[in-house]
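Using the sequences provided together with the hints, build the complete structure.
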Amino acid sequence: MRNRFGRISLYVIITVGALFMLFPFVWTVITSVSPGASLTTTPQLPAHPSLSPYAELFQRVPFGQVIVNSIIIAVAGTVLQLVTSALAAYVFARMPFRGRGAIFVVYLATMMIPFQVLIVPLFVEMKTLGLINTYLGAILPTIASAFGVFLLRQAMSTVPYELDQAATLDGAGHFRVFFQIMLPLIRPALATLAVFAFLNTWNSFLWPLIILRDPLMQTLPVALSSLQGQYSTQWDVLMAGSVVSIIPMFALYVFAQKYIVQGVAGTGLK
Amino acid sequence: MTLSAARVAASAESPSPVEKEISRAPRKRSTKQRAKYALTIALFLLPSLIPLLAFIIGPMIAAAWTSLHEWNLIGPMKWVGLDNYTTLLTDPGTQQAFLHTVYYIVGYLPLVYIGGLALALALNAKLKGRAVLRGVYFLPVVTSWVVVALVWRWLLNPSVGVVNWALGLIGIQGPGWYTDPAWSMPSIILASAWKDLGFVMVILLAGLQTINPDLYEAAEIDGAGWWRRLFSITLPMLSPSTFFVVVLSLINGFQVFDQVYVMTGGGPNNSSRVVVQEVYDLTFRYGQAGMASALSWLLFIVILIITLIQFRGQKRWVNYA
Chain A
1 MRNRFGRISL YVIITVGALF MLFPFVWTVI TSVSPGASLT TTPQLPAHPS LSPYAELFQR
61 VPFGQVIVNS IIIAVAGTVL QLVTSALAAY VFARMPFRGR GAIFVVYLAT MMIPFQVLIV
121 PLFVEMKTLG LINTYLGAIL PTIASAFGVF LLRQAMSTVP YELDQAATLD GAGHFRVFFQ
181 IMLPLIRPAL ATLAVFAFLN TWNSFLWPLI ILRDPLMQTL PVALSSLQGQ YSTQWDVLMA
241 GSVVSIIPMF ALYVFAQKYI VQGVAGTGLK
Chain B
271 MTLSAARVAA SAESPSPVEK EISRAPRKRS TKQRAKYALT IALFLLPSLI PLLAFIIGPM
331 IAAAWTSLHE WNLIGPMKWV GLDNYTTLLT DPGTQQAFLH TVYYIVGYLP LVYIGGLALA
391 LALNAKLKGR AVLRGVYFLP VVTSWVVVAL VWRWLLNPSV GVVNWALGLI GIQGPGWYTD
451 PAWSMPSIIL ASAWKDLGFV MVILLAGLQT INPDLYEAAE IDGAGWWRRL FSITLPMLSP
511 STFFVVVLSL INGFQVFDQV YVMTGGGPNN SSRVVVQEVY DLTFRYGQAG MASALSWLLF
571 IVILIITLIQ FRGQKRWVNY A
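Line by line, the protein sequences give chains A and B.
So for the first sequence, our numbering puts the first residue at 1; every next one is plus one.
So for the second sequence, our numbering puts the first residue at 271; every next one is plus one.
Everything labelled a hint here was simulated from the structure, so no lab data went into it.
Cβ coordinates follow ideal geometry from the N, Cα and C atoms, glycine included.
Possibly wrong hints are sitting among the right ones.
[As the list claims (entries may be wrong)] Distance ranges between label pairs, derived from CB positions:
id	chain 1	residue 1	chain 2	residue 2	range
1	B	L359	A	R176	51 to 59 Å
2	A	K127	B	N589	49 to 57 Å
3	B	L574	A	L216	36 to 44 Å
4	A	P184	B	N539	54 to 62 Å
5	A	P188	B	M347	46 to 54 Å
6	A	V105	B	G441	26 to 34 Å
7	A	R176	B	R299	14 to 22 Å
As structure tokens, then:
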């Protein structure tokens, strides 16, 4: 009896908690279809819900272009990160040589460096290369990820050596082993890294804020933050912009939940 | 990742026995084959090594060099030695920025840890629909900081926000939140905890799943109550996950920026100015690139020292059984 009571109250508490977690999203969506939401003194449900804040959003900011920018930068960054990380991870898992351990430590050490330390020199570097306001400038610093190398090396280390030895005896070189044995076997880890890389580049703020000054080149988070600078009281429009930038992430999350949770839970503690 | 990084780094130093066997093959062979092996390694490694050197390690060293100069990003650099550092260390603005950053961490960490732990314990129990509930709690984690900050600015709006309206319904006069110097930091902490709660929950859930259920059974037979089991079994067995959360939160906490930039811009009256905001402003607003580099290096050194202290101290309380 007591146990049952405890169970029910637990349910009630975490469900109420979940509603509290969800409420900000719900309120964002409601505000985004309530034109003039900022003018009312008490929060209320819209009497005449309308998509006009979205129309206004796309009129004021080149939002279509901004979405395209975000997609290009996130996809390119993710693909490149997967390629560079997988290649390096293979060396650290399967190709021993003198000094490899030291190089691996250097890779890992780069994970500790706060990005802020790099701001000034990176900005100057990109300026010298003429890459301010370009996709390339936004993407380049994200193409190598020590975290990715580390994650994929862990995955490759669990692949039994017998598999590549058998292939080697059949005359396969390292490239064949890499493409035909390793990559197919570590697909879950690749998926985890892909999801994380996409999430990070899509949501990334500080570097795009610095390198992409031209409104036509900006990514979603940067465009949203400058929108709030200009129209700080137009909450319906701001929330419409928020909804637009949340949707792709939620879609990704629904499809890739398994890999996200695996990635968060697995990397730190194994 | 930092946690296992250290352990894995040690294991990467020496190849495993099987690896040794494999690697012996190319060494016995001709110079030509050895060259081919080296070339293969280069082809695999350089696509990541070059960007790491060009965009992380190189700039890192360049920042150290810049920090010893006075420089406005355009004109010539002027050598000033350690002046930037001594100026910063005695500058009340910088000290305040560090204090605010610490304030953020001290408010944020207990909130996400205790909240995340409670959630993990609740959602570890076999409940119907727990996957959906876990999903809901995790949603803010995949949302960008800018959106989180914007949404909370709207929710906490002192005059038309829904939070103060709801507080008004139960007879509480809500504070000015991010427009009040006394409440700006708590507002940022609240939004941050909301965003990261699900992340901490998932890490602790993974930790909980590694605990052997026999321990609880034995404790229950011995008559240990819920709290006793929490403090004598769950928390000690969870210490590696806790360690991971604390290390990561401190590293990220010192770098807090996005939500501050969007929610308050460091205000009002500089009440929520944090270190990275200072670095950003020094560089792009005041054109003091040398000073900015020095401050970012100071921040890095602080993070490094705190992380090292934690790794030193972990033997006392972290249990890797």
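Do the hints match the structure? See the list:
A beta carbon spacing of about 57 Å between L359/B and R176/A agrees with the range 51 to 59 Å that was offered as a hint. The hinted window of 49 to 57 Å between K127/A and N589/B holds, with their beta carbons roughly 50 Å apart. Separation of L574/B from L216/A is about 40 Å and conforms to the stated range, judged on CB atoms against 36 to 44 Å. Between P184/A and N539/B the C-beta distance comes to about 58 Å, which sits within the given range of 54 to 62 Å.
Range check, P188/A to M347/B: Cβ separation about 49 Å, and the 46 to 54 Å hint holds. Checked against the given bound of 26 to 34 Å, the beta carbons of V105/A and G441/B, roughly 59 Å apart, lie outside it. Between R176/A and R299/B the beta carbons are some 18 Å apart, a value that agrees with the proposed interval 14 to 22 Å.
When the structure is compared with the earlier hints, a violation turns up for hint 6 alone.
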